[in-house]
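S.K.: Here the protein sequences line up with chains L, P, E, F and G, keeping their order. Each residue of the first sequence is one higher than the one before, starting from 1 at the first, in this note's numbering. Each residue of the second sequence is one higher than the one before, starting from 1 at the first, in this note's numbering. Each residue of the third sequence is one higher than the one before, starting from 1 at the first, in this note's numbering. Each residue of the fourth sequence is one higher than the one before, starting from 1 at the first, in this note's numbering. Each residue of the fifth sequence is one higher than the one before, starting from 1 at the first, in this note's numbering.
In case anyone wonders, no lab produced these hints; they're calculated from the structure. Using N, Cα and C, we set each Cβ at its ideal position, and we do this for glycine too. Some hints here could point you the wrong way.
[As the list claims (entries may be wrong)] Capping the alpha-carbon separation at 20 Å, the derived lysine to aspartate or glutamate pairs in EDC-like fashion look like this:
1. E:K220 / P:E14
2. G:K10 / L:D271
3. E:K244 / P:E141
4. L:K451 / L:E420
5. F:K165 / L:D271
6. G:K10 / F:E146
7. F:K125 / G:D219
8. E:K220 / P:D156
9. L:K307 / L:E268
10. F:K165 / L:D36
11. G:K10 / F:E161
12. F:K165 / L:E268
13. F:K47 / L:D152
14. G:K10 / L:E47
15. E:K95 / G:D46
16. L:K189 / L:E179
17. G:K10 / L:E268
[Said to hold, decoys possible] Non-contacting residues of chain E with respect to chain P, defined by C-beta distances greater than 10 Å in every case (computed):
18. V72
19. V117
20. E197
21. G283
22. Q290
23. K294
24. G336
25. E361
26. C375
27. Q413
28. D425
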Amino acid sequence: MAVAEDRSATGLSTFPQYLLLNAERFGSRVAMRHKDFGIWQSWSWAEQLDQVRRFSLGLKQMGLKPGQKVALIGANRPRLYWTFCAVQAIGGVPVPLYSDSVAEEMAYVLEHAEAVFAVCQDQEQVDKVLSMGEALTHLDQIIYDEPRGLRDYDQDHLHSFEQVQAMGRKALEDPKVGEDWVAGIGKGKGGDLAVMLYTSGTTGRPKGVMLSYENLVVSARNANAFDSFDQNEQVIAYLPIAWVGDHVFSYAQAYVAGYCVCCPESAETTDQDRREIAPTYFFAPPRVFETLLTAILVRMEDAGRIKRAMFNYFMDHARRVGERILNGERVGVLDRLLNWFGEILVYGPLKNRMGLTRMQVGYTAGEAIGPEIFRFYRSLGLNLKQLYGQTEASVYVTAQPDGEIRPDTVGRPSPDVEIEIDKSGEVLYRSPGVFVGYYKNDEATKSTKDKNGWVRTGDAGFFDHEGHLKIIDRAKDVGKMKDGSLFAPKYIENKLKFFPNIKEVVAFGDERDFCAVFLNIDLTSVGNWAERNNISYASYQELASHPEVYAMMEEHVDQVNRDLSGEDMMAGSQIHRFLVLHKELDADDGELTRTQKVRRSFIAERYGELIDALYDGSEHKFVETEVTFEDGRKGSISADVIIRDAKVYPVAEEASRQEAAE
Amino acid sequence: MGLLFDIFINPFVEMASGLDFLLQVLWEGFVSGTLYALIALGFVLIFKASGVFNFAQGIMVVFAALTLVGLHALGIPAFLALILAVAIMALLAVTVERVVLRHLVNQPDIILFMVTIGLTYFLIGFGELVFGGDPKSMITEELGLPTGSTVFDVFDGIVILQHLDVAAAVISAIMVAGLAVFFNKTRIGRALRAVADDHQAALSVGISLNQIWAIVWFAAGIVALTTGIMWGAKSDVSFALQIVALKALPVLILGGFTSIPGAIVGGLIIGMGEKLFEVYWGGLLGGGVEGWFAYVIALIFLLFRPQGLFGEKIIERV
Amino acid sequence: MLKKLAIGAAALAMLGAAQVSTAQAEDTIFIPSLTYRTGPFSGGGTPFANGFADYMNMLNARDGGIGGAKIVLEECETAYNAQKGVECYEATKGKGALVYNPLSTGITLQLIPKAPVDEIPVLSMGYGLSAAAVGEKFPWTFTYPTSYWSQMTSILKYIDDNGGLSGKKIGFIYLDLGYGREPIPLLEQLAPQMGFELAMFPVAGKEMQNQSSHWLNVRKENPDWMIMWGWGAMNPTAIKEAAKIRFPLDRFIGNWWSGAHADLNPVGEAGKGYLAANFSGIGTDFPALQDVIKHVIEPGNTQTDPGDVGNVLYNRGLFNAVIVAEAVRAAQAATGKVAVTGADMRVGLETFNLSEERLAELGLAGFTAPIQGSCADHEGQGSIFIQQWNGSDWERVSDLITPMTDVVGPMLQAAADQYVSDKPDWQTQTCG
Amino acid sequence: MNVHSQAAAAQSDDGIALGADLLHVDNISLSFGGVKAIQDVSFDIRKGEIRAIIGPNGAGKTSMLNVINGFYHPQEGIISFKGRERRRMRPYEAAAQGIARTFQNVALFTGMTTLENIMAGRSLKMHRNFFWQMLYRGPALNEEMEHRRVVEEIIDFLEIEAIRKTPVGQLPYGLQKRVELGRALAMEPTLLLLDEPMAGMNLEEKEDMSRYVLDVNSQLGTTIALIEHDMGVVMDLADRVMVLDYGKKIADGTPDEVQANQAVIDAYLGVPH
Amino acid sequence: MLYREAGQFKTSYQADQAAFPIFQDQLAVWAILAVAFIGVPLVGNDFFLNSIMIPFLIFALASVGLNILTGYAGQLSLGTGAFMGVGAYACYKLTTIFPDVNIVIMIVASGFFSAGIGMIFGLPSLRIKGFYLVVTTLAAQFFLEWCFIRIAWLYNYNPSGAIEVPQREAFGVILTGASATPVTRYLLVLSIVVVMTWIAFNIIRGRIGRSWMMIRDMDIAAELMGVKPLNAKLSAFAVSSFYCGVAGAMMVFFWLGAAEVESFDVNHSFLILFMVILGGLGSIKGAFMGAAFIWILPILIRAAPGWIGIEVQAATVEHLNFMLIGGLIIFFLIIEPHGLARLWSIGKQKLRVWPFPY
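Model the full structure from these sequences, guided by the hints.
M.R.: And the structure:
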């Protein structure tokens, strides 16, 4: 392993090179685990090298040439992760695909990427690929991991992973082959194309983001240094392999730091598997944390009275001091003692149940996380942080350094990243991680990345007074109010939606005098509340128009306004008026997309009368709306919708803002 | 050879040579058998209606008899004491149903069995606490039971019949007949029979399971009281008596757990069988074989007919 | 659970230790009393325990204890169960117990080997292991006033005196436990010697109240005399069955555990004529008993039903207490200590002398035969008398009958030798 | 080592060619007391096929399976399995010869977990003696682990990873049936008898189960005899179908032939005899 | 709550099927063993060792034995007392015939006699089930009791009819007889019980144990899986009786010192059955819990009035004891028919999922 000796760890430029190095320096340390057949099968770095080498040489035997693309389709499985490296080792380019996409989408990517080989996890994926048949003009060979159900397939170009590895092993009988392979790896350069990741984007066809080794290696190295990750970390790989996050956390950073990646047994067992592994570093999108928290609260509802009281008591305590203790602030002795009890009785067991006992660093990103949820985890003593990233940036744009955690910002620029905000409010960045370009799409590349290497994020945001970036909305959705102040509807909507009682919000304000909102109450949550308070109701409509519900909504709006008043950029978009819609926004009526996103323009049109009423100062408005029932029949409901004014706060001074942050 | 002679020839020669004695042995066996049958009857009643193997039947016998004697010792006239004893057995039945059985619906047999052992312990402690542990004599005369004996001269010898034993046989017969009438002719009785087959069916008769349980425990209590009086009159009333309840097991096996006639016939077979064996063969083994002989009869019997004398053939299904 | 258990156990152990340290104060004498007021034999156990306790309490009340040391009596319930008996022994021995009266052959057998180790003598008064009468082999065990074997010879003597033994058939009905089987070797040896025929009728514990077949066998065998080694519920049942088959009850002799009021009261009139052995006086016509009534029964410092005072087992329990008290006195005299130890107590038991004079001093003249202990003789040459049930009470019908020491002696010696043979430690120990 | 290779090995043992007769039932009659459960029925099961036995309730289908695996002993008739005739045989002997089965009313070992239940199916393949069992070391442990591995493959095959350590009593009915199939598969049978494998299942579960049955047949090469009520399922799965009515065979043939048979139609419509 | 299982994962089947897969449990087991082997002998007085710990361990072992038969193989037995007796008498005979062989070897050897007798009386189980089997085992109980009395050879024609433990020593330490110290006897009993419990656990989780449970849960299905009922049932009877036999031998040799038939009577069969049922059928730790409950609780109750300074007549305490034990048995069976072991595992499960209710 001459190559590894020649270079220091920081001097390496490709992942296959890191593999060789790790096999040498961490030879017997576990590189990968997979819960399979009931136990955690493990592979050390040396074994991983062996697996990769055999497969790599097998691929070579099958005729894979440098520069050719290999598609990876399936869930998080060691063999797919090995495929990345095996392909890279012989100069190929791996292209991971989302395994849940339908055959047509897959066909487009396979065809666009000109993939010659496809490595599939199981029969399901093989079937999808085979079903596209002749449409795939480049695809030559298919390799599968799990043979189940594939025994009877007699296609010549179908091979099992073992078969390919067997070819590799056979080739290795000639010692020269192995030496050549290592030599080949040694020739890899940082500028070479490492991987192509297709991003779905909101419009149009997916684009293939080309990332070079340098992009990934430098990003990974910086990220590891930022959170001091080393070979002792354990992570659990459960997010789609085609997603840049997983690629960086479970592959790039793992190879660079030499830490262990664990693959769960199946999607249903992920929670259990996480509990068993107890990752030291855990990444999850906000919805995962949200689901976890909901599950906790729901289960606590069923607990006995004493236990629930204990839980509530200590959770209150955590809310008061937990985060301060985590941040290393001064906390009274009694509070510390209580916290210690809480750790034994509640916090510790909770972390244990979530499998986060050993978590040193946790990240959430992708969308805004509810501040309550974020605080909940932090108050348990979990070092959960936010980051802001993009495929085009090899993930990292900003991240929260330890001790500077805010629920509503995404942190400071990551190491080596420069950020600018253009006059429209859009965030731009430049970093070593910035992608090479979109595959076969120069036009898009040009519109995203300028010649100086600045990349447009498409998100609007601003830096707060502490230098933390705050993302407020998609840049294209951000408007201006008549007074010229910034209006970011999603920002306001999200703030409101973090209240569990509010299900949907539509905010108006672009080109208007003030901001006003439609609210949809959450029937489950408010319904529960109503039950507890002996408020009877027959329908959503009746509950929505209940004065006490309005009072509750008013409180929520007031809370948001108070928050907004503390942020100088956003203080102008405080909510002046609101109403609670008489019906739930529904995809069947075209008010939501099928992915449950608000169709703003459609709603503006459909409820024009109500919007007018919001702005003309009327107290209530009678409307009749056509609805579609579940069985497809149409009908209409009518209601006299009440409109309320909300209290607006003056823009707060610096000092008071500080307090609010507390 | 001599051994074979002792086993197969000698006893019969002995029987033939002393027919009066043989008759006496058979009579004693019959009387014991009646009492075994009475205890077994208590088991059967409860098992039939609730599937509970009531180990406490033995202590109930003692408890019932002690109550009667104890009440009488307080100066209560015998017949009033008898009525009160019946009332106390009713109270016990209701209490057992309320406090214990009600909470154990649908539990496995062995659990119910263990519960009755727990009940046995409780009643032993309770009984000794209230009545003291010393043996007491049954108020035979006060209850109007005959005490004398009659000697018959037959086969050049004598057969002695205790009047008390005759009374025991008669009372047992009346008891069985009464139970038969109760089961066949009364509404509750029919419900009890139905419940053995199908709990739902019994409910449709309009009697709750709880009531049925209380009733059968009460019936078993009355049987226990009768047994206690009879047995107490034969020896005395003491806690040692509850051990005799174990004798009911082989009787039940022989007769089948759910059959009243089975209990009677089984009791008589065991009673007479063990007396014959003890008297004519016991000497060969050094005596005292009565303790296990009944079980061995039952065991041998079971090997050939696992469902008992009156049980239905078991067809295993998959 | 296990964890909790271990903690609980440790706590328990500490408590136990604490009790040990608080027990033996200067001027008290600790006497454990293993009783069985519960269980199948409680009918006999209760009056015995009462007699024992009442006499001790009387001494405390009348004399302030023995030799100035107050008697601390602790009852421990055994229910006639050997395992519970051992538990009682373990629970009380650490408190400075002077002597154990196991009150059950089963428990006695368990305690005999423990006695030399813990240095606490065992007094099995007329029960237990007959061989223990040999003091040289059993220095820590005493069977005053007499052993089962001696008693059996006395009974045989009685039969011999009342119609002769030779050529007769003697039936022996017994509780099929160690206790009941104890005299069998003696009978088997004596039968040819004395020329009588032996027929045996074992009654298993659970058949105690179901004896009809045994008595059918008796009828079949048709013996001239019946001797019974019975206990508890077995006794009344046997007498009733005997009456039922018309066996002459005046030829039916029970041993001293088969002749109590508790046994015959349930039989009543039907038991008239039945004979039984006894070694302690009947009734309350003794000054000592009057003292008990005055100092204990009348003040109500007792569990005894006043009607029981003076009955056979009550008096026997009292007699047991007398022996213990006299032994304590002898021990105090021999050692000059007031608070004697178990080892001193052994000396006391070996040196005490319950002579006629002493009995009279104690207010028990004629209550029993004089007993004199010695190092070699742990039986004390006591004698028995025969009593008869008159339908409502016992009457003494014979003089004291001394045992056939010449016959029994060598047999006891042989049995003792056998017992000691596989106990290396015992072979070296001796009395004195 | 995996299920496939093992099953393949098991198959080559008996030396019976695919499509040849595996089981022959000749003139079987069975009665209980006076009740005739099966009257003079003959049929065969060929190696590698899926053979269905159908018929109305009480037609004697389950009794037939009970006869095949030795639980009932027919009064008349001969059964030959793998070319060997046998008259009286205990169920465990049938198991040793390679006949496994599932039950109409799930007969799982309710006190045990899924894993243990399937391990139970390996009983016949485990041989380590008492001494090693006592120590749970050395050969016994190795054997245990070896079989655990096989069982895990079955768990993987049936996709029941998530309930591996759940006591089977707590499982929903559909899953219990799947576990029972797994337990039968663990025996690596030559002939698998399925007694109403889809009874009481919803459509989705039925589809799943059908897929497993087909997979077992095609991938493991196991010959299958099944009783099923759902005619649709039978017609989809079975190669040949035998129809019983009142203990008598009334038709035998391919699904299409049977469906067209008048006697069968009558029997199902309940035309009186 | 105490269980923090996050991060405990298994990389081999061996670890996955270990006796105590959870680290905290392993810790607890070692702690218990340490207390039992070191702590108890250090602090325990004679009473604690002789009357609590030694009998508790012996009964626990017998309960393990009965649990194998009743809890794991589903064969109800009331012959435990007699099987213990077989072990005791066998051991007595063995050690009097071969006085020079180490007594521990003899105790284990006596288990084989008991196993043989157990198998003979287990034969009817092939045809007889449930309560009917109780009768067979009761027949064994009474017949064997009768043998212990009637066959004088068994007790070496001892006039007392009892077996008295001769003194035996090994390596200069007195192991049996009255001169053996309680600590010695305790440690011997403990060692034998620990080793045999470990073996029982091994058998149960292996092939043989599984075949027992198969027969218990569904005998027909078991047979169709290739389990021979004869082998499974008889092996259960044999192993169970072996355990009972060893327990019986230890009971006499390390605890009572002398015994007559009374020590092996049907009440002991009931006692052990109580322990098994109350502890929990089909649970080894249940056997220990049941033994602790049934054996230790009455002792505590008896001692309790003294501790709190109340003068109660010994007899009254005993009566109340009976009532209390009876009442508690009923109470526990009502609240948890599956015994203390189930209560324990519910509690443990609660701790594992703490603070959640499930």
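S.K.: With 10 Å as the threshold, tell me whether Q413 of chain E passes as away from chain P on beta-carbon distances.
M.R.: Q413 of chain E is indeed farther than 10 Å from all Cβ atoms of chain P, at 28 Å.
S.K.: Can we confirm that no CB of chain P comes within 10 Å of the CB of K294 of chain E?
M.R.: Holds: least Cβ distance 26 Å, greater than 10 Å.
S.K.: What's the verdict on K10 of chain G and E161 of chain F, does the C-alpha distance respect the 20 Å limit or exceed it?
M.R.: Holds, at roughly 15 Å.
S.K.: For a C-alpha distance cap of 20 Å, please report whether K165 of chain F and D36 of chain L respect it.
M.R.: Roughly 15 Å separates the two Cα atoms, so the pair holds.
S.K.: Does G336 of chain E really sit off the interface, with its C-beta more than 10 Å from all C-beta atoms of chain P?
M.R.: 43 Å, holds
S.K.: Does the alpha-carbon distance linking K10 of chain G and E268 of chain L stay inside the 20 Å limit?
M.R.: Roughly 19 Å between the alpha carbons, so the hint for K10 of chain G and E268 of chain L holds.
S.K.: Can we confirm that no CB of chain P comes within 10 Å of the CB of G283 of chain E?
M.R.: At roughly 20 Å from the nearest Cβ of chain P, G283 of chain E sits farther out than 10 Å, so the non-interface label holds.
S.K.: Is the nearest Cβ of chain P still more than 10 Å from the Cβ of E361 of chain E?
M.R.: 34 Å, holds
S.K.: Would the hint linking K307 of chain L and E268 of chain L be met if the CA-CA limit is 20 Å?
M.R.: 28 Å, violated
S.K.: Holds or violated: K165 of chain F and E268 of chain L, Cα atoms, limit 20 Å.
M.R.: This hinted pair holds, its Cα atoms lying about 15 Å apart.
S.K.: Taking only the CA atoms, is the gap from K189 of chain L to E179 of chain L under or equal to 20 Å?
M.R.: 18 Å, holds
S.K.: Quick one: work out the minimum CB distance from V117 of chain E to chain P and report holds if it exceeds 10 Å, violated otherwise.
M.R.: 33 Å, holds
Of the hints listed earlier, the one the structure fails to meet is number 9.
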